[in-house]
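2 protein chains.
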Amino acid sequence: MNKDLKEQIVDLVTPDLEKVEQALEENLSPHLDLVKQIASHLLFSGGKRLRPLLFIHAARMCGYKGTNEVLFSIIFEFLHAATLLHDDVVDGADMRRGRPAAHTCWPAPQVVLTGDFLLARALDIAAGTKEPRVISVIAKITRDMSQGEIDQLAQKGRKDLTEDQYLDIIERKTAVLIQGACQCAAILAKVSRQKENALKSFGFHLGMAFQMADDLLDYTATAEQLGKNPGADMREGKLTLPLIYSLARACPKDRKWMENLMANPDVDPSQFKKLQEKLVALNAIAYTRAIARTHVDNAKKSLEIYDSSLSKSVLTLIADYAVYRKI
Amino acid sequence: MNKDLKEQIVDLVTPDLEKVEQALEENLSPHLDLVKQIASHLLFSGGKRLRPLLFIHAARMCGYKGTNEVLFSIIFEFLHAATLLHDDVVDGADMRRGRPAAHTCWPAPQVVLTGDFLLARALDIAAGTKEPRVISVIAKITRDMSQGEIDQLAQKGRKDLTEDQYLDIIERKTAVLIQGACQCAAILAKVSRQKENALKSFGFHLGMAFQMADDLLDYTATAEQLGKNPGADMREGKLTLPLIYSLARACPKDRKWMENLMANPDVDPSQFKKLQEKLVALNAIAYTRAIARTHVDNAKKSLEIYDSSLSKSVLTLIADYAVYRKI
Chain A
8 MNKDLKEQIV
18 DLVTPDLEKV
28 EQALEENLSP
38 HLDLVKQIAS
48 HLLFSGGKRL
58 RPLLFIHAAR
68 MCGYKGTNEV
78 LFSIIFEFLH
88 AATLLHDDVV
98 DGADMRRGRP
108 AAHTCWPAPQ
118 VVLTGDFLLA
128 RALDIAAGTK
138 EPRVISVIAK
148 ITRDMSQGEI
158 DQLAQKGRKD
168 LTEDQYLDII
178 ERKTAVLIQG
188 ACQCAAILAK
198 VSRQKENALK
208 SFGFHLGMAF
218 QMADDLLDYT
228 ATAEQLGKNP
238 GADMREGKLT
248 LPLIYSLARA
258 CPKDRKWMEN
268 LMANPDVDPS
278 QFKKLQEKLV
288 ALNAIAYTRA
298 IARTHVDNAK
308 KSLEIYDSSL
318 SKSVLTLIAD
328 YAVYRKI
Chain B
8 MNKDLKEQIV
18 DLVTPDLEKV
28 EQALEENLSP
38 HLDLVKQIAS
48 HLLFSGGKRL
58 RPLLFIHAAR
68 MCGYKGTNEV
78 LFSIIFEFLH
88 AATLLHDDVV
98 DGADMRRGRP
108 AAHTCWPAPQ
118 VVLTGDFLLA
128 RALDIAAGTK
138 EPRVISVIAK
148 ITRDMSQGEI
158 DQLAQKGRKD
168 LTEDQYLDII
178 ERKTAVLIQG
188 ACQCAAILAK
198 VSRQKENALK
208 SFGFHLGMAF
218 QMADDLLDYT
228 ATAEQLGKNP
238 GADMREGKLT
248 LPLIYSLARA
258 CPKDRKWMEN
268 LMANPDVDPS
278 QFKKLQEKLV
288 ALNAIAYTRA
298 IARTHVDNAK
308 KSLEIYDSSL
318 SKSVLTLIAD
328 YAVYRKI
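Protein chains in written order, with the numbering used here: chain A, 8 to 334; chain B, 8 to 334.
To be clear, the hints were calculated from the coordinates, so they are not data collected in a lab.
Honestly, I wouldn't trust all of these hints.
The list treats identical chains as one, so a pair stands whether inside a single copy or across any two.
[Claimed, not checked] In the PhoX-like style, the derived pairs of lysine-lysine whose C-alpha atoms are separated by at most 20 Å in a straight line are: (1) Lys26 - Lys72; (2) Lys307 - Lys13; (3) Lys263 - Lys180; (4) Lys26 - Lys207; (5) Lys137 - Lys147; (6) Lys43 - Lys147.
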């Protein structure tokens, strides 16, 4: 099932993906080699281009009449890459997309400034839409994402994060950008506010599902699948839904044991394996997957207002893929 | 003379300044206390509000008919503050505006993200202009500034920086933002392209003069006037015009001696005093001041296309102040 779903999507989006890669390459155009190196290290290291693909197919589903959907789609990949660069510096994580994080190859200041540069490029292209509402959405994305990161940083190491606080963090960290990409497609295609809100809702639920699935993979995938060691969130003291759910339901002894594992960079593999088993036993994996699946269902329901089309099918497949994917 | 000039400007802009302070306060509106603390530390620590004042008076000189000149003016203060926060982290400087730099009070990641947040706020307000060309100018400012910083970082410690390379760096570091503030005022006031270019040119020359005067003060002002120890640029290995000019004209023995002082964080005051005397003897102070003054003259000439008005007088006074100020 998983492989089929991925193959179906790949078949449908391959021509778009090639255009997106080309547009990313062409629009990087910095004057400085160093910026190009740092930005390329991240941009061309096997990202899924989820955000550009969502934008392109959302625009087409809305009947976008212009010719710039590929160019405008990369706004959201540049925004995404900019925040990844800043987050890497902020988190101090060593690996990203299976490669050393940028800040382990270059000094942090250069990485921060390259993030700023990518943000500026995103803005440059966004200005080309000549649509103030698109700029407002992008401003909101940037504001929410930076606030979400600061919030997450402030909560780091807290062992009493609630599910609501977690939802709030992942909304700002991930959902806001995916929601914004979908909404901007609707704005540029000039659909009704009702249809725009439907796409916004689709993006929100998809983003929530994607982040939950990501957080889940940190407990369920192998190092090879992830491109980094699983359990990284826990070792960094970052609480995500599987652990939040488990902490709230574990017996005092187990809770104490889990709390001791958190924020410990040297948890040994046998301990981590025991934790994985505990999460399964406490139903935390199934619970997280169920919540993610509900978001996917809501995402798909949001699209009911739209007539059937190839692009609507692509969006629906991507939504399914969000929770069924193994990597 | 100096005091008179400053007093004249203060008299003319005090009512605007109060409105700018109020708008900055009202528009900071973050959800998080930490962001507010970090942003306020920098924003409300005695900045000159040069960029908002330039914007407001440029808009009025252009006959701007709207009612948002104060609100839009703070775009440029937020942009300025955002880059100062990132620069502080990048430079690792300890003092800023006479207070400890933000990154010495808070962890660098929070400071970086607060910079991102301020950039997002600037963008938010800019989107409210509903003028795509304003967004393009802001995108260009952000891009040039981040590239300029990266460039400066890459050149740091180089002892063979040329005058042209220096001019290029300060253009992107300082002039582009001031130029952009003036140009956006013209765009929003819907003047002719010729008048817009005149204001853009005014901003460019003013920005160049301001940065040169700033760089000069690092060799000529006292610690009390500066709010930090003079000679900071040199100790950080940052070459500016007075030293570039001197290095090119010193005898080999003196050049060797100056090169040894550079990038040395522990230069003692008597050595620094000797360097100051050397710069005077080599005519470097007078040369830098003359170049800055030429930029001020060009800035003022750029405004000839505009009829006389109170705001034109304010802009002219500010241009004079750029090189005659003592702090």
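Results of checking the hints against the structure:
Proximity of Lys26 and Lys72 under a CA criterion of 20 Å is satisfied intra-copy only: 18 Å inside one chain copy versus 44 Å between copies. In the homo-oligomer, the alpha carbons of Lys307 and Lys13 lie at most 20 Å apart inside one protomer (17 Å), although the nearest pairing across protomers, at 63 Å, exceeds that limit. Taking the shortest Cα distances, Lys263 and Lys180 never come within 20 Å of each other, neither inside one copy (29 Å) nor across copies (52 Å). Proximity of Lys26 to Lys207 under the C-alpha cut-off of 20 Å is found in neither arrangement, the shortest distances being 25 Å within a copy and 37 Å between copies.
Taking the shortest alpha-carbon separations for Lys137 and Lys147, both the intra-copy value of 17 Å and the inter-copy value of 15 Å come in at or below 20 Å. In the homo-oligomer, the alpha carbons of Lys43 and Lys147 lie at most 20 Å apart only across protomers (17 Å), although the nearest pairing inside one protomer, at 27 Å, exceeds that limit.
Hints 3, 4 from the earlier list are contradicted by this structure; the remaining hints agree with it.
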